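Visitor: Here is how the chains run, residue by residue.
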Amino acid sequence: MMKRAPWYLVVGAVAGFAGVLALHSRATPAPSALGAAGKNEQPSPPVPPARSSTGPAPGGSPSGRPSQPAGAGDGTHSATGALERYGYGELAVRVTVSRNRITDVTVPALQTADPTSRQISDQAIPVLRLEVLAADSASINGVSGATFTSEAYATSVQAALDKLHLR
Amino acid sequence: MSAPAVRSGQALPVGRRRRRRAPARPRAPLPRPAVARIALLVAGAGLGATTALTFTAETAGQLRAPGGLATFAGSLTGMIGTYLALMMVLLISRIPLIERMLGQDGLVRWHRRLAPWPISLLVAHAVFTTVGAAQAARNGLGRQVGVMLTQFPDVLIATIGLAIMCLIGVISLRAIRSRLSREAWWLVHLYLYLALALSFAHVIVLGPSFVGHPLTRAVWSLVWAATAGLVLVYRFGLPVARSLRHRLVVTEVRPEGPGVVSVICAGRHLDKLPVDGGQFMFWRFLTPGKWWQAHPFSLSALPRPPYMRLTVKAVGAYSASLAHLRPGTRVMVEGPYGAFTRNAQVRPRALLVAAGIGVTALRSLLEDLPRNCAPVILLRASRRADLVLGQEVFELVRGRGGRLHALVGDREQARIDERSLRQLVPDLEHRDVFVCGPEGFVAGFVDLVKRLGVPDEAIHHEAFAL
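These protein sequences, in sequence, are chains A and B. Quick note on our numbering: the first sequence kicks off at 18 and runs consecutively. Quick note on our numbering: the second sequence kicks off at 3 and runs consecutively.
Just chain B, same shape as in the assembly:
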């Protein structure tokens, strides 16, 4: 969460640069550190309160009764699991505050780290609750399952919801995820909202913390309704409003290198779009085969009203098909998102590193960084032809008195290790490090600069999950 730190970095020549630039471009607003802290406190408080509610609904007598312990474990896992599911929804609801705090990269990491918990807790909830009810009613487990599904209110649809969640968990396992197309995986993911909606009723009607507690019930319902509202506004309403306002249309598709094209779009009021270099947007091209899917691509340059540009490498069927976009195709956008921007800067100088198509985000970030940041750029590519946008980056570097190093070749030929990086960037510890590229490369490079003593707050990265 390096974004808020910039406020305390008074050494930055931010103000000076703003004044020099003629028309002030709107920037994505930064969350204040205090707001981020309050958000974290509230998230924690919710977890604590949810857990406490489970305890207050329980008496010693209930615990001692047959099945009492299992039933209690069922409530506890159910409540915490549901709360974590709510947090997951909030994390990916595209609330600007959260986007700016974590960045895409951080969001994905938190999402992956958190995701197994709600699913396994809710599975445990189903098992514990069934066992507890079976013990209490002195039923066999098999019979109890039938009783719960057929006679308990809302339990059947909640079970369907849980099954959907488990399915999503399974297809997100690395081994299976890599065999699915991104579109299929994403479509199934959407059903999670359905799963949560299906499970809502049984919580309210059967949950020991809610039965006979109208206030708790009301607060819980309100929190969920508010979350649903936020999702609707930020994942649906705002993108639609922005798309209608800017009316983007493809004007040109320009080849940049082997399998790489730039898509240039024209739109209205692009000078009013708050965007920082290094950010990305979800792009939805309205053609018969593509209108239903939105994919994230970095802006490869700051908007130049009425134009803006994305640069795409063909890595899958979808990205390959973008080379055949027709001029005139209408475009809807979501975003811009991402914390890989100049706001992350905590030092006056910068090292920018990109591997492969990661150069797109680097290119627009470089354009946006203060001109006196004495940039050092490392571009990593396996072939010279793959150094797309190289010329543009070179011109930007030259205008800023920086250096550009192109490391071309396979991993052995163009190794970046502690020694070579020291030689290329002797003043590494006085620079911000911005890294962008495939996940493996980014992780490796971050490790490397950490070993060389660059502190966490000066390391900023954006990894492309392909």
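Bound conformation, chain A alone:
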């Protein structure tokens, strides 16, 4: 029994590893489909309780004014993409579109696990905003050094655009 103990441990470890990966791969389609689904019609997703580093992100609405209400008369529409989780935090992006052009992008919800992640996101988000405005789409290069923030940002932008039935 004692001699075979390592084998039992190894078999268990392989099974545990494979089991978690299997569960994970079955669960993953959800987040990637999230952008396309866009079921959440609430203007801003609720921010889960945070231990630190919550608050509106820089970039976008400089005076902190609320973004324009969806469906304002002059063909200007806003929608908020789904809350995107990435390794160090989560964010949601609000996109304003006027006459089929993206005119503003804000981040109403940003939460990070720790101050360093916050710092990185704070540096990246203004750049990402400019990239989206320039590209007029969610197809952006992203900011190197903030890859996961960039990916979450782009995904959330696409989700918002889907809600607005654009592209």
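The following label-pair restraints were derived from C-beta to C-beta distances:
#1 A/Gly92 <-> B/Val125: 51 to 61 angstroms
#2 B/Leu232 <-> A/Val31: 21 to 31 angstroms
#3 A/His41 <-> B/Val37: 21 to 31 angstroms
#4 B/Gly411 <-> A/Val31: 49 to 59 angstroms
#5 A/Ser115 <-> B/Phe57: 42 to 52 angstroms
#6 A/Val31 <-> B/Asp273: 42 to 52 angstroms
Simulated from the structure, these hints should not be mistaken for laboratory data. The model shown is predicted, which means the values in this text are computed figures rather than measured ones. Cβ atoms here follow ideal geometry from the backbone N, Cα and C, with glycine treated the same way.
Since the structure of chain A is provided, determine the placement of chain B on it from the hints.
Guide: Same frame as chain A, now just chain B:
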């Protein structure tokens, strides 16, 4: 893990003996081999799952980002290190299943073998994570350390926890351990629970595998809470309940030889205490100087209700002070523990070997072995006066038709080597070998009988770490 093997050893006259014995004494329950296998599988699965969680929390983009690689290495070492720390706690939680599977001796060996890993992995975790965060935030390393300690939630107390762990690792190094009293070393060891508790929060709040994964978070918390519960029940609750039930009191302290005394305790319901010969208990004598420490000593005889007995050799200040115990002193006990029992037997005959004070466990084991095991006993002592309990062992051997060899003298005079052992025990390969004594002696003797062809499953040993 020889204990479970007894179930398949149908040749053993176990049943016959039980019937002959008038009042059936309760025995410590044996784990089934299947349970032991499942426990091992679960332990392995936990390790695999923990590792996999680290991978699933990671994306290629995160890995490529500055500091991504170091951060990932930090998560991986942190998760595995924490899981191994959990296993260490379970190993010494005195869960009966684990006690019976490994025995004290096996527990100590596994504990020592495993212990350096969680500590070094967690140190690596701290280093990798700091480097990764510094690279990501484009900070200097020194500045990053400050940022992490002051601004990251729960990292400061986790760092204190890690420092405690490192301290315990350092004092457990052989060179330093030998200069500390057992009590001091043990007290510092208790702080490990504090260290683990301190580090728990930062795992849940910052760990990439847990942030945004409520299910993982819940399972992880549950596993830790369950472990804490097991520790409380088996290290605290059960011993207290047993002590209250049996109400042991010292009735006599009897000298047995130079520096050796037997402490005889009386208690209630000792016929209900599940104990096997060869086991030991942690004894806590409630006197002003001793109440805070519990020490392991073998039972030197099976309980004879209302009495039970331990025999102690003065090797340190504590064991020496037991000679001055007053009758009437109340005693709390933890245990009995140990797999050095008749359950380990896989053959009908037995060779029992003890060096020095190891005779205590041998004495109670011999009393408990089937009467027809034709025992051969080797007692090793440097002086004739040190052969304590010799007379008792002799009477037991005589009643069982066995032989007793006393090997007295220094190592050269009373050598046990392949030739002399063959002469003393010609049928060695048909016997179980039970060895008990100081670590060096036990290791040497186990090597010797292995060289003579005794297979692992027939070798059972209990070493005293002094």
